[in-house]
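Engineer: Read off the chains here:
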Amino acid sequence: MKVKINEDWLATILGFVLLILALINVVTPAWMKF
Amino acid sequence: MTTSVVKQEKTSGSTVVQFLVGLVIVVALAFLSRWLKNQVYGIKDLFGLGIPGKVLEYPLWAALLGLIANPILKALKLHSFAKPGFRTELFLKIGLVLLGAGISFKVIVTAAGGAIIQGIIMVAAVYFFSWWLGGKFGLPDTLRAVMSTAISICGVSAAIAAAGSVMAKKEEITYVTALVIITALPLMVIAPLLAGAMNMPEPVAGAWFGGNVDTTAAVVGAGTIYGETAQKIASIVKSTQNVLIGLVAFLLALYFTTVVEGKKEKPSASIIWQRFPKFVLGFIVTSLIFTFGWINKDQGSAIAGMKDWAFCLAFVCMGLELEVAGFKKMGWSPVIVYLIVTVFNTLLALGISWLIFGWLFPAAL
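Taken in sequence, the protein lines are chains U and Z. Mapping of the first sequence onto numbering that gives the first Met the number 0: residues 0 to 33, in sequence order. Mapping of the second sequence onto numbering that gives the first Met the number 0: residues 0 to 364, in sequence order.
Any given hint could turn out to be false.
Here are the simulated SDA-like pairs of lysine to any residue, each with C-alpha atoms no more than 20 angstroms apart in a straight line [stated by the list, open to error]:
1. Z/Lys296 <-> U/Pro28
2. Z/Lys296 <-> U/Ile23
3. Z/Lys296 <-> U/Ile12
4. Z/Lys82 <-> U/Pro28
5. Z/Lys36 <-> U/Trp30
6. Z/Lys168 <-> Z/Val334
7. U/Lys32 <-> Z/Arg33
8. Z/Lys296 <-> U/Trp30
9. Z/Lys277 <-> U/Pro28
10. Z/Lys105 <-> Z/Phe291
11. U/Lys32 <-> Z/Gly226
12. Z/Lys53 <-> Z/Leu192
13. Z/Lys82 <-> Z/Val23
14. Z/Lys168 <-> Z/Phe136
15. Z/Lys296 <-> U/Val25
16. Z/Lys277 <-> Z/Val242
17. U/Lys32 <-> Z/Val334
18. U/Lys32 <-> Z/Leu55
19. Z/Lys296 <-> U/Thr27
20. Z/Lys277 <-> U/Trp8
21. Z/Lys82 <-> Z/Leu35
22. U/Lys32 <-> Z/Val39
23. U/Lys32 <-> Z/Leu253
24. Z/Lys36 <-> U/Pro28
25. Z/Lys82 <-> Z/Asn69
26. Z/Lys36 <-> Z/Lys53
27. Z/Lys168 <-> Z/Leu253
28. U/Lys32 <-> Z/Ile294
29. Z/Lys277 <-> U/Asp7
30. U/Lys32 <-> Z/Lys76
31. U/Lys32 <-> Z/Ile335
32. U/Lys32 <-> Z/Ala27
33. Z/Lys277 <-> U/Val26
34. Z/Lys296 <-> U/Val26
Worth flagging that the hints you see were computed from the coordinates, not collected in a lab.
Please put together the full structure from these sequences, using the hints given.
Structural biologist: Put into C-alpha cells, the structure is as follows:
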C-alpha cells in the first residue's frame, strides 16, 4: 500500500516531533542557539 | 520482481539521495548565513553609511546566499539533481508550528480578529483589481486566476492551489511563482526599512507585511528583520489569509466549470478542507501548549532556536528555488500587471493595517 503524506501534515508532524524533543530536554538551548 | 518495480525502487532511492544532497547544501548555506549575521551584528556603523549591523538579520543573508548559490549550482549541473532538498514550504511550515509555541493564545485570538477583517478586505479588493487589470491587458483567464490568487492570498502555495482549480498550464504556474519570489525578496528588505522610516509600531508593521508581501516566507522574513512582535503578528495575519486558500480554490473551480467551461456538474466543497493549510492547526495547538504553561524558559529557548533554524533553511531555499527561464515565453504584460497590483496591494495594506491594528484592534503584546 502506498501512503502519500501531504507536505502540510508532514511539516506539522515534524514541528511536533521537534517540540516534544525540546519538552523532554533532548534538545537544549545551547545546541540550537542561532 | 518486475522491471517496473525495480525501476520504481531505483527512482525512489535516487530521490532520497537527491533530497539528502539538497538538504546538505541548504544546511551548509544556513550555517554560513548564521556566521555572516554574527560577524556583522555587533558593528554599529557599516561601511561608514550609518547602517547598524543588527539590521542585516539572518533572512537577508540566507536569501542572498540562496540567490548566489542558485546560478552556481546550475552552472555545475547540480541544481536540478539537488532540487528535491530545496523545500521552502516544508521548512517554513515547521518554523510556523514552532513559532506558535512562543505566542499566547490570547494574542492569536486578539490579532486574528483584526486579521480576519483585514484578510477579507485585502483578498477581495486585490483579487478583483488584479483580475480586472489582467483583463484590460488581455491576459488569459487561467493566468489571471493564478496571478490574482497569488497576489491576494499567499504567493506560491496559493498559485498552485488556484492552478489546480482552473486547470492552468504548468508554465503559467512557473511564471507566477518566479514573479512572486522576484517581488517578494526585495519587499522583504524594503518593507521593514519603510516601516522604520514611518516609525510604525511593531503590530501595525507586522500586519502590513502580512497583508502586503506576497509569499509567507518573505512575510516572516520581513517581520523577523523588523522585530519579534512584528514577526508574530505578521505570521498570524498571513496564516489567517492562508486559511482563505480553500474557499478561493473552491469558488474558482465553481466559476471555471460552470461559467467558463459551461458544464453542469459542480465541484465538491471538500476542496475547502483539502486546501486548508493544516500547519495552522499545529500553530494553534502549540500556542495552547505554551498558554497552559507547559513550556519552561529553557525549553522555550530551545524551541525558539529550532524555529530560527527552520526559517533560515526556508529563506535559503527561497533563493535557491528562483527560476526565471519562463519569463521570455510569456512577455512583459503579466509583469506590468503584477507590479501595478503589487503597488496597489502595498498601499491598501498600509491603510488597512493602520486602521485595524493601530486603531480598531491594537494587539496587546
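Engineer: Please name the hints from earlier in the document that this structure breaks, with their numbers sorted from lowest to highest.
Structural biologist: Hints 3, 4, 9, 17, 21, 23, 30, 31 and 33 not satisfied by this model.
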